[in-house]
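*Asks:* Residue numbers (our numbering), protein chains in the order written: chain V, 1 to 243; chain B, 1 to 242.
Think of the hints as simulated: they come from the structure by calculation, not from any bench. Honestly, I wouldn't trust all of these hints.
For the chain B half of the interface with chain V, some residues (derived, Cβ under 7 Å), not all of them [said to hold, decoys possible]: (1) Q50; (2) S124; (3) S135; (4) G138; (5) E173; (6) T177; (7) E186; (8) K189; (9) R195.
For glycine and all other residues, C-beta sits at the position ideal for the given N, C-alpha and C.
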Amino acid sequence: MNSERRVRLWALVANVAQGGTVGVDHVCAVSVSATGVDAAAVAVTLRATPREVLYASDRTASDLEELTLTLGEGPCVDAITGGPGLVADLAAPQCRARWPAFAPAAVLAGVHAVFALPLQVGGIRLGVLDLYRARSGGLDGEQLADALALADTACAVLLDGGERDRSAPDEGRPEQVGLQHPEVHQATGMVTVQLGVTAAVALIRLRAFAYSHDRRLRDVAGDVVARRLRFDPTDDTQVGGAG
Amino acid sequence: MAEIQLSDVFVEMADTLVDDFDVLEFLHVLTERCVQLLGVSAAGLLLTDQQGTLQVVAASSERTRLLELFQLQTDQGPCVDCFRTGRPVSVVDLSATGRWPRFTAAAAEVGFAAVHALPMRLRSEVIGALNLFDSQPGALDEGRLYIGQALADVATIGLLQQRAIHRRDILTEQLQTALNSRVLIEQAKGVLAERLQVDVGEAFALLRSGARSHNRRLSDLAQAIVDGSEPLPPQPPAGRPG
C-alpha cells in the first residue's frame, strides 16, 4: 500500500544518504535503481532563472538537461507547468512532431525514454524530476508508482532543505505533500496572506513550524484553518528559521 | 419527471465536453447532479493517485466534515473496497455493519445512514469511485443504480478528455494533473478564506462563482489567486468587509 511504499523508499533514500542530510542526489540514486532507468536529474525553477539543474546522476543526465535548457522544449519543460510527461519512445513520430528539436537530439544522445515528473504541490511549482533510459518502453505499474512517490519525496526534501536531523531513518521521514490532508493546502493559502509570502514559502514555514514543535503538519494546518493559530510576519522565532 | 431531468443532465454534460473545458467544474457539477437525480444526501468523486490511494477530487458540498469523511476512505471504507474490486459496494444500513469501524463512526457522526460506491472504470482499469451518502438507510433501487453508474462513467469520460486513451501513461498524466488541480483549489480556498475572512467552504463558493462569472477555468483562476496575480478577489458576500 501507499504508506508501505513510502516507508520502503524512504529507507532506501536514507540508506544512500548514509545517515547524513538527505538531498535530491540521494532521491535520484534511488529513482534510478527503483524504476530501472539509467539516469536521473532534478531541475528547479527559481525566480531568477527559468530552470536550474540541481543534480544530474551522470553525464547522460547532464547532457539531456543541457539539451532541454538549450532547446527550450521537451517533456521535461512541459512537466514544469503541466502534469507528468511519460514518454516511452522518443523516436516515435508523434514525439518528433511534438518536440522537433529535442526528440531527435535526445535519441542521438542515446536516450529513448524520458519520464518527467513535476515537483509540484498545487500551485507551487518547484521543478521536475527527470528519469532517462536508453531503452525505449514505458514504466510498469510498480515502477510508475515508485517514481511518483519519489517525486513526492524530492518535493519534501526541497521544501524542508537541510532542516532535519536525519540520524534515524524513519524519524527523519518527511511528511508527504499529496492531497491526503486538504487542510494542509488550505492553511498554505491562508499563511500566504498572513505573512505576505509566496505559497512555496508559506508551505515551507508551515512544515518548519510543525517540525520544530514536534507536531504533525496536518494538526498544525488544522489549527490554522480553525483560526486557532496565526503566523505573524514580525515574529521570526515562531518558525524555526525556515524560509 | 425523473427521466426528463435525467436527459437534461446528460445533455448538459455532453455540452460541457468540448475542447478546453473545465474538468474540475465539470466533476463538481456532476456530483451535484448525482444528489439531485438519485435523491441522495451527498456525492463525491475519488480518484486513484496511481500509488494505490484514493483522493477526493470533487464533492457535492465542500463542507469540511463531509470532505473529511470522503478522505477517510483513503484507508478503509466502502469506496476503497469498490476501488479494489471494481464492483459496486452498497451498505444499506451503516449501523448494522462492523466492517469499517472508523469510517462507520465518522459517517454516523455526520448523520449518514447508508453509503454506496460505484466504480469508475476505464476498460479493465479502475481509476476511482463515485461515492454516495444518504441520511436514510436503504438500498439504491435498480434504476437509480443504473443511473448512478452511468454518471460515474460520464465522470470517467470527462476526466480523461481524450476519447481514445490506450496507454497507462496518458491515464497517469491525466489523473495526476486532476489531483494536482484539486490541491491548487484547496490552496486558493485558503487564500480567499484569509483575505475575505470567510470559512473555506464559503471560499470555494466564491471561487466557483468568480470563475463562472468571468468565464474562466476554476484551476486557472485558482492559480492566479495563489500566485497573487489576481488583483480582485471574487465579490465578498454582502454585508462583509472586503
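*Asks:* Look at each hint and say if it fits the structure.
*Replies:* The hints, checked one at a time:
no., hint, in the structure
1, Q50, "holds, 6 Å"
2, S124, "violated, 12 Å"
3, S135, "violated, 23 Å"
4, G138, "violated, 30 Å"
5, E173, "holds, 5 Å"
6, T177, "holds, 3 Å"
7, E186, "holds, 3 Å"
8, K189, "holds, 5 Å"
9, R195, "holds, 5 Å"
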